[in-house]
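The lines below spell out each chain.
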Amino acid sequence: MRKKVYADAASALDGVLADGMTIMAGGFGLCGIPENLIAGIRDAGVKNLTVVSNNCGVDDFGLGILLANGQIRKMISSYVGENKLFEKLYLGGELELEFNPQGTLAERIRAGGAGIAGFYTKTGYGTVIAEGKPTREFNGHHYVMETGLTADLSIIKAWKADKEGNLIYRKTARNFNPMMATAGKITIVEVEELVEIGELDPENIHTPGIYIDRIIVEQGAEKRIEKVTTRKREEVK
Amino acid sequence: MRKKVYADAASALDGVLADGMTIMAGGFGLCGIPENLIAGIRDAGVKNLTVVSNNCGVDDFGLGILLANGQIRKMISSYVGENKLFEKLYLGGELELEFNPQGTLAERIRAGGAGIAGFYTKTGYGTVIAEGKPTREFNGHHYVMETGLTADLSIIKAWKADKEGNLIYRKTARNFNPMMATAGKITIVEVEELVEIGELDPENIHTPGIYIDRIIVEQGAEKRIEKVTTRKREEVK
Amino acid sequence: MAWTREQMAARAAQQIRDGFYVNLGIGIPTLVANALPPGMTVSFQSENGMLGIGPFPYEGEEDPDLINAGKQTVTEVPDTSYFSSSDSFAMIRGGHMDLSILGSMQVSEQGDIANWMVPGKMVKGMGGAMDLVAGAKEVIVLMEHVEKSGAPKLVTRCTLPLTGTHVTDFVITDLAVFEFTKRGGTLVLKELAPGVSLDEVRAKTEAKFDVGLAN
Amino acid sequence: MAWTREQMAARAAQQIRDGFYVNLGIGIPTLVANALPPGMTVSFQSENGMLGIGPFPYEGEEDPDLINAGKQTVTEVPDTSYFSSSDSFAMIRGGHMDLSILGSMQVSEQGDIANWMVPGKMVKGMGGAMDLVAGAKEVIVLMEHVEKSGAPKLVTRCTLPLTGTHVTDFVITDLAVFEFTKRGGTLVLKELAPGVSLDEVRAKTEAKFDVGLAN
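Those protein sequence lines, which keep their order, are chains P, F, G and R. Residue numbering for the first sequence is 1 to 237, as defined by this note's numbering. Residue numbering for the second sequence is 1 to 237, as defined by this note's numbering. Residue numbering for the third sequence is 1 to 215, as defined by this note's numbering. Residue numbering for the fourth sequence is 1 to 215, as defined by this note's numbering.
None of these hints come from the bench; they were simulated from the model. It is possible that some hints are incorrect.
As the list claims (entries may be wrong) - Below, a list of computed lysine to aspartate or glutamate pairs in the EDC-like style, where the Cα atoms sit at most 16 Å apart:
#1 F/227 to R/206
#2 F/160 to F/199
#3 R/124 to F/59
#4 F/133 to F/82
#5 R/124 to F/87
#6 R/71 to F/82
#7 F/223 to R/61
Sequences and hints are given; from them, build the entire structure.
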């Protein structure tokens, strides 16, 4: 029997957290982030974290709450523009920052999970991103070598899981979650709905259960929208 | 308007074939192979082909019919053991052969479609596969550099397509088809069923339409099984 | 008279061909979607993992799981597909996007783009911009011709940190349209906004360019 | 008396822990699935793109779209998932498979495996074997102790072309069970088949090994 289902974030995080560890956190902006697990890490108080995540939340939500709590030592991200606290900590030298182009970040995580130690991309050639990295020419074009990325722990968000950990994501809440699922030594998923094994369509499983160690059902998630943009409804004739 | 749907293999292949070209052909064994498109290439008689495919069919079926017709100059494959004609042509010097480990072949094709010019894998380090290839050490382990692979044409097989070319595959007939869809300069898909745009679930599209140039509906496919293995039905109580 | 932002977007929309797959950056480029002539089939991609982007949702129908790369709420269209960030950038990096339209702070006469970082200011990050300029088949920069300070943005060499080198095909500003003869080739002035003179463009452009105006 | 193929498979099955994800090669390894003790949750992976493999189908229910890596018709189980070949080998190469059980022609005392090619004979190809031995957390070789000619298959150095170097953890033959102390470490004899003597194993083994038999 595989027992992957845990009662809540605290129990799922029990025994896997340590000061100084590297954590990958799924999501793009505030979309598809594991809210309960982030809160659980805040409550656990673990420190000196290196966090790999495309963004760093906003001041009072998402990974921003770990920043505010002084738990993050270094971020590996592609964009952190939505977070004023980030700016303050960074400029004050309290926070390390490694920028990766978004596609390079996504590919480094995929590579880490896929046993690819390094790969060559055109992205960033001739820019500051390539400084100090090996380069190579293929068919007359220049490429930069980037390395695979793994983490001690990945915390991700999915829409549904079965009890084996087979996952499906919803719309653009998929984003970085599938790759991070593969790149964590331990991967914990937070889902909106847990179903029995056999209820998900085997042809449409986005992440096979082999990548998932622990599962919790999300409780009281806010699912905040960063930028509400709408159009006016046309007049009904 | 995108007009991707063609009447049959002959019309879909019209204008894209040339002697000496490189063709990727989807499938694993005889499972998930584009039968109509292979027959169309045989009928077109184009020669000196380099064919990238995990296997080479059997003597009278699958890519075997292009071998029999003397159209293939070189194969890039991981396993060709099911084909006696292959052996004869190869030993007679009429056929070039490049073996890739199956995972390396799959990853090279994915890389080719994804703009990754090269990558480092442990697979094959210290074996004949690594001869002449750059190697590199990452964290004390040895890796071989393999290059991305693209083709002039990819012919693939899917279960369903909508008219935009969004695809879903069926069971293990998926295999190499999704990566090859991304790595062909032109990609033609052969499907069992064509549906209207909007009929496929956007969360479960295995290959987005951007990768698909031409679509045909399969006619009279045999879907041969290479090795029928069954168990006896239990007695009904 | 210089083009408005909407007119710049409309001019960029003219570069889009029927059937194109297009990625629009944030800012002025987002206006391009609304400027397309009717009857064209164009799919917009968002690098957070969506191909086939519809308009903003009706009020009250926003879905927190459905946003574009600018983090704005959007909607599906009938041919929408969703995928992961790695699959999304495989699509971008692999050269499958016909066109990327994005803003910039500087473009050099070699087609280098600098659009992600101003030294001394807080660095927000490059997001997907470096992948887009490296990967798209065609790159159009949409930007004001000069800085608020009046400093030229079409420059001999970018003084700001680069996003990519030799990556620009087309530059559309509020004053003029430029095209590179090829990647890393020569910059050519193709059009002037109505009432804008060649002299004004020369005065406000540091980059060397040829004049290839249609008459 | 030497172990039968079924007994070898049963011995290999003892190495499988509850919850394991396992890839079985063709030949004797396929017999391992039937030798598992009841009550264990084990998922079998097939490198052509399937996790969670059921038994062979009933006669008449074969599905041409549902085969294993040996090209045999198989069935689904309730937790089956399907994926592409690149995703499948990402799973294998990335170290996510707990165990790979495969046959071999030779295993060296350094744990090198040679199982894909005999020079002079027609080369069939390595298929997924090189990826499996390089990627799986644990690799068990199941093979006859000697060639039909009587030549040892546990050798000082492989004379056949290699599949991987320093990759073997466990070797189960019809005569004995061996374990490597670690990857690339020392080969240790752990068990003898009933009625098989240490002398017989010594005589039929070229590879240097320590004796660590339980009493």
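**Message:** Taking the earlier hints as the rules, which of them does this structure contradict?
**Reply:** Per hint list: 1, 4 violated.
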